[in-house]
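*Asks:* My request is simple: use the sequences and hints to build the entire structure.
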Amino acid sequence: MTPTKKLKQHLYIVLITLLQLPLFSNLSGQSNALFTFPSPVSNSNLSASQLSRKNKFDSSFDVASSYLMSVQDIALVQESGRVAIALPGLQDTFRFRAAKFQYQDNGDYTWIGDIISPRTCLEDSTGYIEDDCISGFLLLMRQNGEYFGQFVIENDAYQIKNLGDGLSYLIKVNASTSPDNTCASASSNDTGSPIDPGPSGAAPSQDFCPARVLVLFTEGAEAEHPDILNIIDMSVAMTNQIFRQSKASDSDVSIVLVGKQKLLASEFTESEDIEDDRNSLPTNSAIAGYRNNANADLVIIMTKTIYSLNPNPEFAALGAVSGFGDTEADKETAFALVETATALAPGYVFTHEVGHLYGCRHGRKPEDCGSIGDNTGLPHSHGKVIVKNFWLLRIFLVETVMSVCIGNRIPYFSNPDVIYKAKKTGTEAHNNNARTIREAACRIANYLPLPSQPFVDLKAPQHPCAGEQGLIVASVEQVTAPLQFFWQTSINGINFYPSVPQPTSSNTLPVSFPGNPDLPLWVRVTVVGSNNETASNEILIYSDDCGGNNMKLNPGNKKFKDFAVYPNPAKGEINIAYSNTVGGDYSIDVFDVLGKLVYKTSNTDRTSPSEISRISVDAWRAGAYFVVLKDRTGTHTARINIVH
Amino acid sequence: MKKIVTAMILLALLFACTKPEPEPQKPEIKGRLNALKNGEAWEAYAHGWKSIDAQKNDYYFSAKDEKTGLIHKFSVKNIPFAENLYEVKPKYDFSNQNDSLIFSTYYIVDYDLGLGDYRLLDRPGNIFHLTHVDSVTRHFSGTLDLEFIVIDKADDLGLPDTIRIKNGVFFGEVMR
Numbered sequence: 047m048t049p050t051k052k053l054k055q056h057l058y059i060v061l062i063t064l065l066q067l068p069l070f071s072n073l074s075g076q077s078n079a080l081f082t083f084p085s086p087v088s089n090s091n092l093s094a095s096q097l098s099r100k101n102k103f104d105s106s107f108d109v110a111s112s113y114l115m116s117v118q119d120i121a122l123v124q125e126s127g128r129v130a131i132a133l134p135g136l137q138d139t140f141r142f143r144a145a146k147f148q149y150q151d152n153g154d155y156t157w158i159g160d161i162i163s164p165r166t167c168l169e170d171s172t173g174y175i176e177d178d179c180i181s182g183f184l185l186l187m188r189q190n191g192e193y194f195g196q197f198v199i200e201n202d203a204y205q206i207k208n209l210g211d212g213l214s215y216l217i218k219v220n221a222s223t224s225p226d227n228t229c230a231s232a233s234s235n236d237t238g239s240p241i242d243p244g245p246s247g248a249a250p251s252q253d254f255c256p257a258r259v260l261v262l263f264t265e266g267a268e269a270e271h272p273d274i275l276n277i278i279d280m281s282v283a284m285t286n287q288i289f290r291q292s293k294a295s296d297s298d299v300s301i302v303l304v305g306k307q308k309l310l311a312s313e314f315t316e317s318e319d320i321e322d323d324r325n326s327l328p329t330n331s332a333i334a335g336y337r338n339n340a341n342a343d344l345v346i347i348m349t350k351t352i353y354s355l356n357p358n359p360e361f362a363a364l365g366a367v368s369g370f371g372d373t374e375a376d377k378e379t380a381f382a383l384v385e386t387a388t389a390l391a392p393g394y395v396f397t398h399e400v401g402h403l404y405g406c407r408h409g410r411k412p413e414d415c416g417s418i419g420d421n422t423g424l425p426h427s428h429g430k431v432i433v434k435n436f437w438l439l440r441i442f443l444v445e446t447v448m449s450v451c452i453g454n455r456i457p458y459f460s461n462p463d464v465i466y467k468a469k470k471t472g473t474e475a476h477n478n479n480a481r482t483i484r485e486a487a488c489r490i491a492n493y494l495p496l497p498s499q500p501f502v503d504l505k506a507p508q509h510p511c512a513g514e515q516g517l518i519v520a521s522v523e524q525v526t527a528p529l530q531f532f533w534q535t536s537i538n539g540i541n542f543y544p545s546v547p548q549p550t551s552s553n554t555l556p557v558s559f560p561g562n563p564d565l566p567l568w569v570r571v572t573v574v575g576s577n578n579e580t581a582s583n584e585i586l587i588y589s590d591d592c593g594g595n596n597m598k599l600n601p602g603n604k605k606f607k608d609f610a611v612y613p614n615p616a617k618g619e620i621n622i623a624y625s626n627t628v629g630g631d632y633s634i635d636v637f638d639v640l641g642k643l644v645y646k647t648s649n650t651d652r653t654s655p656s657e658i659s660r661i662s663v664d665a666w667r668a669g670a671y672f673v674v675l676k677d678r679t680g681t682h683t684a685r686i687n688i689v690h
Numbered sequence: 033m034k035k036i037v038t039a040m041i042l043l044a045l046l047f048a049c050t051k052p053e054p055e056p057q058k059p060e061i062k063g064r065l066n067a068l069k070n071g072e073a074w075e076a077y078a079h080g081w082k083s084i085d086a087q088k089n090d091y092y093f094s095a096k097d098e099k100t101g102l103i104h105k106f107s108v109k110n111i112p113f114a115e116n117l118y119e120v121k122p123k124y125d126f127s128n129q130n131d132s133l134i135f136s137t138y139y140i141v142d143y144d145l146g147l148g149d150y151r152l153l154d155r156p157g158n159i160f161h162l163t164h165v166d167s168v169t170r171h172f173s174g175t176l177d178l179e180f181i182v183i184d185k186a187d188d189l190g191l192p193d194t195i196r197i198k199n200g201v202f203f204g205e206v207m208r
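These protein sequence lines are chains V and L, in that order. Each number in my numbering comes from the position in the first sequence (counting from 1) with 46 added on. Each number in my numbering comes from the position in the second sequence (counting from 1) with 32 added on.
It should be emphasised that the hints constitute simulated quantities derived from the structure, not laboratory data. The beta-carbon is built from N, C-alpha and C at its ideal position, and this holds for glycine as well. Be careful, since some hints might not be right.
[Said to hold, decoys possible] Simulated coverage check for chain V against chain L, where a stretch passes if three residues somewhere in it have a Cβ under 8 Å from a Cβ of chain L: (1) 259-266; (2) 396-409.
[Stated by the list, open to error] PhoX-like, lysine-lysine: derived pairs with alpha carbons at most 20 Å apart: (3) 146(V) <-> 505(V); (4) 185(L) <-> 377(V); (5) 411(V) <-> 99(L); (6) 121(L) <-> 88(L); (7) 88(L) <-> 62(L); (8) 411(V) <-> 96(L).
*Replies:* What follows is the structure in structure tokens.
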């Protein structure tokens, strides 16, 4: 296949996708409301089975309010990857935008999205987030036609439970207080970092290293939570969502559920002492057998509500871990206990304990409840309590997921590069859980090593401007060359085009990002090696509205200052201008439309905040090229035409 | 026949109205411990929790190290509420939660994060001595001497390999 044919084929894929837009994106103005609340349903209208489940759910959670409702199929109601939730008694309609959509051929799926209205907290290319935005996410799963999930709006957490026969139950869960909740009013001399960029500290990107997690549950947990299997699925998906939105991983999956298994009472039963129980896990032969069979790096045991009932303040707990993952030896103690009722939002205890298993620590004194400070081997690995100044007062706002208290946890690991309501969620020196997780990921994924699996990772420009052209680049591991790439795109995450993709040898796909920033673009690649090894992956991309000129600054830009390539079209030489106000290393790569690298430079010893690189392009063929700038704010792409 | 039917109905109603057995009440223990921990004076709170049905108490002792923020805690379990000198043993097998072994474990934690796990050293002289028990006021007092050895600990915190609780004097009250 000639290069011209390849290019035509790739652009054809995108064109076909966009042409399919009216057919599959349901933009006809129909309601995309996810929930419908039928006229008042009393308990007397419920079947015995539904009533039994409802009563069980009521007793399992600290219920603030609850509603009977029906959940609509996201595949039918989503508009451009968006769904809406309107709740009884609330005026606002909350809209969520897909961040991940794993759709299976049988119609089941896992859908995770971020809240985008009334006031989004999502970071765009400017990197600025207003402090009065509304944060939250929605996780909805469909399995065998039944729905369950959870969503969070600010500090309000809701569980979506299945009652059967098409009826669902929405529970708003009170933010429970931890045994030591007095710290929720802790003040601090640390006012929370403003969003001015700090020194460079971005950790290097990692290989694909998903940790294999086995989740066991006790008979008591099952009796207390009839939907324990759903809770486990949600806990894993939620943890990955928190990894993702905390930018703790370059890859979109960091833990993989490799098994759900009930423990017989003879194998493990909760005592009243969480310390004795967790101490017993590494030597429990039954659990060791399950772990070895599943080849699991980490083991989480979900329990009934028991440890938090211990009236002895120092012995009451919602979860516990035997070892925290900062050394190779921790593979012997990579076990955690989690009280099932608190696994999900608003406590996020499952994610909290997983964080410990990756080496994350609590917040530091005096910000947090008195967790230890810097006298550890990972001084940067602490959670963060975020406060703000109000006149002379320092007002406690929220705390990241690794903080001790659970009353005001937000679903973020600390990370100085992630902004929550105009505040950094971390600092380079002390509060960088994301770095801890990145650095630990591959070690933990090899606690119980498996033969390397075929894998393909996809990278796309971050925050491309609407209508801009860019490259999707596939990186392949453990697949034997020569490789065949099968590229597909979609605008709804369900229907991919072409339905029968043609093979190509190119690991890049040039795409035109949707001209409307409201439209999502899914790109899927399947790679087949010479020994028929296969790997597949998807990426979801939204473009930003860059004011109609993707080379100009957004006036509100606080982070990404300037990047321009001129003249365009160019002949003889081009100028690449870059104003690096965020500091740190950067690199500039230039690719042709086939993805071949034609120019590369990097600067690791900067002295000037602004630089212009002048490059001769006489040797380049006439045509389009993509200039890719990478700095600590992300990847930025510009397209330029060379003429001779 | 009518009487039999009536009796059966009454019997059925009787069982239908039977309330489930209430959970056994959990007595709480409040008290104090003063001891030498690895040669230094140490004061800890005493707590407890155990089913009354078992007629035994579990004694929990804990103190927060203000310098490090870490919580030190140990428990002595399955002690009958009667004056006696009880020999305390290490426990190796936790799979049987209902055995009557009198055992003790020591933990150093950062809330839910286990940083140091210790088992009782297998030696004579690990004792929990209830020297005074008042069955009316439910006050008690006694002495203890225990030595622990590390099972697992974080490397970078300078935690000890052995912990000796010596000359321990405790007192307290079973609250209910």
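*Asks:* Taking the hints in turn, state whether each one holds.
*Replies:* Now for the hints, and whether the structure bears them out:
1. 259-266: Result for this restraint: violated, n = 0.
2. 396-409: Contact hint for the region 396-409 of chain V vs chain L: holds, 5 residues under 8 Å.
3. 146(V) <-> 505(V): Within the cut-off at roughly 15 Å; holds.
4. 185(L) <-> 377(V): holds, 13 Å
5. 411(V) <-> 99(L): holds, 11 Å
6. 121(L) <-> 88(L): holds, 16 Å
7. 88(L) <-> 62(L): holds, 16 Å
8. 411(V) <-> 96(L): Status holds; Cα separation ~14 Å.
Hint 1 alone, counting from the list given before, is not met by this structure.
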